[in-house]
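Student: Order-wise, the sequence lines are chains A and B.
Residue 256 is where the first sequence ends in numbering that gives the first Met the number 0, and the numbering goes up by one at each step.
Residue 596 is where the second sequence ends in numbering that gives the first Met the number 0, and the numbering goes up by one at each step.
Do not take every clue at face value.
[To be verified] Cβ-to-Cβ under 8 angstroms is the rule here; a few derived chain B residues that face chain A:
#, residue
1, Leu15
2, Val24
3, Asp28
4, Ala33
5, Gln107
6, Val120
7, Ala236
8, Ala253
9, Ala254
10, Ala258
11, Lys337
12, Ala338
13, Leu342
14, Val344
[Stated by the list, open to error] Covered by chain A, according to a simulated footprint, are these stretches of chain B (three or more residues, beta-carbon under 8 angstroms):
#, region
15, 130-140
16, 502-515
17, 518-530
18, 581-588
Just so you know, the hints here were simulated from the structure itself, not pulled from any lab data.
In this text, a Cβ means the ideal position worked out from N, Cα and C, and glycines have one as well.
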Amino acid sequence: MRGNRDLALAVKVAIVSAVLALLLPVPVLSLIAAAPLFFFLPGYAIVCVAFARRTIDPARLLVLSVGLSLAMLALLPLVIDPLPGGISPGWWAVALCLVVIGCARGAAISRRKPARAAVRRPRFRGTRAELGLLAGGLVAAIVAVVVVFIPFAAKNALGYSELWIEAKQGKAVPVATLGIASREQSSDRFTVELRTNHSAKPFEVLGFRLSPGEQKLLTVRPPDSNGRPVKVSATLFIQGMTKPYRRVAAWIPEPPG
Amino acid sequence: MNSRENQFFALPAAVLATGVGLLIVSIADALSRATETSSPVLAWLGILVFALPIFYRLTSKAASPRERLMLILLLGLALYLVKVMRDAPLFTFSDEQVHAFNAVRIDQTGALFKHNPILEVTPYYPGLEGATSALMKVTGLSVYPAGIVLVGIARLVMLASLFLLFQRVSGSARAAGLGVGIYTGNFNFLYWGAQFSYESLALPLLLLVMMVLAERETAPRSALRAWGVPALLAIAAIVVTHHLTSYATAGFLAALALAFWFVRRSWRPPNPWPFALAAAAMAGFWLLVVASNTVGYLSPVLSNAVEAIAHTIGGEDPPRSLFSGNGPSVEPTPLLGKAVALLAVLALAACLPFGLREVYRRHMKKPFALIFAIAAVAFFGTLALRLAPPAWETGNRASEFLFIGLAFTLSCAFVAALARFSERRRWRAGVAGLIALFLIGGAISGWPWDSQLAKPMRISADGSTIPSPSLSAAEWSRDHIEGGRFAATNADAGLLMVPGGKVAFAGSSPAIEDILDVESFTGWELPLLRRHKLRYVVPDRRYASADTLRGHFFTTDEPSEETLKPKSSTAKFNRIPDVSRVYANGAITIFDLGEGR
Chain A
0 MRGNRDLALA
10 VKVAIVSAVL
20 ALLLPVPVLS
30 LIAAAPLFFF
40 LPGYAIVCVA
50 FARRTIDPAR
60 LLVLSVGLSL
70 AMLALLPLVI
80 DPLPGGISPG
90 WWAVALCLVV
100 IGCARGAAIS
110 RRKPARAAVR
120 RPRFRGTRAE
130 LGLLAGGLVA
140 AIVAVVVVFI
150 PFAAKNALGY
160 SELWIEAKQG
170 KAVPVATLGI
180 ASREQSSDRF
190 TVELRTNHSA
200 KPFEVLGFRL
210 SPGEQKLLTV
220 RPPDSNGRPV
230 KVSATLFIQG
240 MTKPYRRVAA
250 WIPEPPG
Chain B
0 MNSRENQFFA
10 LPAAVLATGV
20 GLLIVSIADA
30 LSRATETSSP
40 VLAWLGILVF
50 ALPIFYRLTS
60 KAASPRERLM
70 LILLLGLALY
80 LVKVMRDAPL
90 FTFSDEQVHA
100 FNAVRIDQTG
110 ALFKHNPILE
120 VTPYYPGLEG
130 ATSALMKVTG
140 LSVYPAGIVL
150 VGIARLVMLA
160 SLFLLFQRVS
170 GSARAAGLGV
180 GIYTGNFNFL
190 YWGAQFSYES
200 LALPLLLLVM
210 MVLAERETAP
220 RSALRAWGVP
230 ALLAIAAIVV
240 THHLTSYATA
250 GFLAALALAF
260 WFVRRSWRPP
270 NPWPFALAAA
280 AMAGFWLLVV
290 ASNTVGYLSP
300 VLSNAVEAIA
310 HTIGGEDPPR
320 SLFSGNGPSV
330 EPTPLLGKAV
340 ALLAVLALAA
350 CLPFGLREVY
360 RRHMKKPFAL
370 IFAIAAVAFF
380 GTLALRLAPP
390 AWETGNRASE
400 FLFIGLAFTL
410 SCAFVAALAR
420 FSERRRWRAG
430 VAGLIALFLI
440 GGAISGWPWD
450 SQLAKPMRIS
460 ADGSTIPSPS
470 LSAAEWSRDH
480 IEGGRFAATN
490 ADAGLLMVPG
500 GKVAFAGSSP
510 AIEDILDVES
520 FTGWELPLLR
530 RHKLRYVVPD
540 RRYASADTLR
550 GHFFTTDEPS
560 EETLKPKSST
570 AKFNRIPDVS
580 RVYANGAITI
590 FDLGEGR
């Protein structure tokens, strides 16, 4: 690729991009590193080999490079899928780099004479006022996106509470975990009654207060049942409501299938 | 053109307007999430804040092609962010959850073509999901950011390709810019077309193919092969990405080849018939060898559409009423919204004859322009399909492709009108306003009024963040149940798949919705659940849970007989021997039928 600085640069950037994307532990940084390899270089290399003896204007070169890179991302899984280990990060990096290297090599051979970089480095000659407008727009857009991730109070949304029960496997003494999570709009007092086999009298009654977002985990130990599975039911009551609010039930231990 | 306007509407000013407009849209979304208002009027104002200056600048004679392209890309990015800000940080469209599930499965298993419980055909078109899983695997991103980055880049490619295509065919960068502006008025552009779904990658690739073939048409003979390489690669990528777009590609290329013959009486290059043949062969091969279940998926949709049209024309079925929701909880479109949408369609129709006249006068010898003019007329045919209920979807999907032709045709009319009226500012402002009307009217026509803004999925209460009941159930399942196959309502199943990571069945095949809705079992229900190895059943008493557009979110209406199914629809599961009722959050209950039972 001697004399074809753009192709040599494409190959170098592809390899560095692949290595950095695989090594960087932070996904966003990895994405930034991977972006040239995923969204530009494969298409650029293909355009270079297809148009090795012709010129193409920068706008079309750019659109084709990005568009064909997307096409390669759609097609390459079909090639990688049958390989040993299937679709893996390593195969992806190798496949994309091979496309770039192979096409760059083909373009270098096909070009009649060494070419200069097809895309000129963009030069921005903005005034201070223009830079200010750009910065203002960017800041406003960033604020707009940040607002999206802020959960707001929604006074008209109906709150609720969660109740769940999980039989714990493999314990010497049969136990279960009972979970209560408040998703209410305000702090409330709860009472939970635990029964076995639909008996009228609860074997345990517990009261507690939960704030919105707060949860309580309780360990449930049903009365001795000689190792036989018993059905434990939990009924949750919320302050100010006489009817049961939630009910769950589970076999402890789980009966054999 | 005076220098004051150049300064004022320069790209940096457009960037500032875009930032401010997006901020207004974000505030509108925030108000909706806070259940203060659900009216999208403020969001439209935000969109107009950036769209109108961009459209106005595009009407100018002075802007360079590069500036126009930058403005178009800025507009495309901003409109994409409107959709992203509505849903972040979760996929909420039902198709998005289906495709996200496929991408996660590829990421987890390292293999393609894994079964999808909701849309069985989707794993056989792995283009989008394969590309997304590549980003996930190499960078460690989760499916949501990987998906929105990919679709965002695809949309930029789409608009840039459209600009270059229109520029090549019309010979005018001004017409190209206006044409792309008009295309944003396509009914599906703002929301449906921006979702994480296979068509969102396939359509940009189709426009890339069109752009490449338009360039090839004017290229010297020696360059024909060079342009052929990108065209074939993009066609192959379309074929593995989306069924309908691959058939549309083959159909478009065949029509283009015929138009070439009609105009030039020649089958010799650059007539694109070999590409039409290649597209048909590739799509046929994929259909027969890899994705044969596509026939079973598409044929009922198309045959129902044909049947519905016949019934509606014959008077056997009443026509579908426009702007109507499905259910009592759906907010109807107000008069203002209907008026804007209808006005936009009327304006499109009123401009069409002028566009057709311009195409006839200036571009009749261009095969692309001929096809575009035919598509422009056909677009209004698809509007009629919206009156027949089962044909609505077919008409809606076809309109997305046909609008390309309409956008080109109208851009020719607008450029001619501006030239005739000597570039007066008020005429330019009128054209910009008309394109803005197409954009807003298209958004209202293409997406329900009450779903244009973000809805409360996570809210703040007493300093804590609280997820919606559906999301809570999905996150609980993810955190407390290992593996597991679920039967759930449509909305709950989507969230159980992503972010729940579960295999969740819903809908009518198998008959999950019947099992969940009936008040007592008649005998076939439990064997069916066992046959499909569905250990967990998730009845949801909210009628809204069948609605994939509205069922994921917090509700604001007090529970009533109108909004809740009878108690017995859930209570019947309590009577199954050995069943465990493992989770309850009010409307949603999760039953564990037990392993092997």
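Student: Does each hint hold? Answer for all of them.
Tutor: Against the structure, the hints come out as follows:
1. Leu15: For Leu15 (chain B), the interface hint holds, since the closest Cβ of chain A sits about 4 angstroms away, which is under 8 angstroms.
2. Val24: holds, 7 angstroms
3. Asp28: holds, 7 angstroms
4. Ala33: holds, 4 angstroms
5. Gln107: violated, 10 angstroms
6. Val120: Violated: closest Cβ of chain A sits about 17 angstroms from Val120 (chain B), beyond 8 angstroms.
7. Ala236: holds, 4 angstroms
8. Ala253: Constraint on Ala253 (chain B) not satisfied, violated at 21 angstroms.
9. Ala254: violated, 22 angstroms
10. Ala258: Check failed: Cβ of Ala258 (chain B) comes no nearer than 23 angstroms to chain A, outside 8 angstroms.
11. Lys337: This hint is violated: Lys337 (chain B) lies away from chain A, its Cβ roughly 26 angstroms from the closest one there, beyond 8 angstroms.
12. Ala338: violated, 28 angstroms
13. Leu342: Violated, about 29 angstroms.
14. Val344: violated, 30 angstroms
15. 130-140: With 9 residues in contact (Cβ-Cβ under 8 angstroms with chain A), the coverage given for the region 130-140 of chain B holds.
16. 502-515: violated (count 0)
17. 518-530: With 0 residues in contact (Cβ-Cβ under 8 angstroms with chain A), the coverage given for the region 518-530 of chain B is violated.
18. 581-588: Satisfied; 6 residues make the cut.
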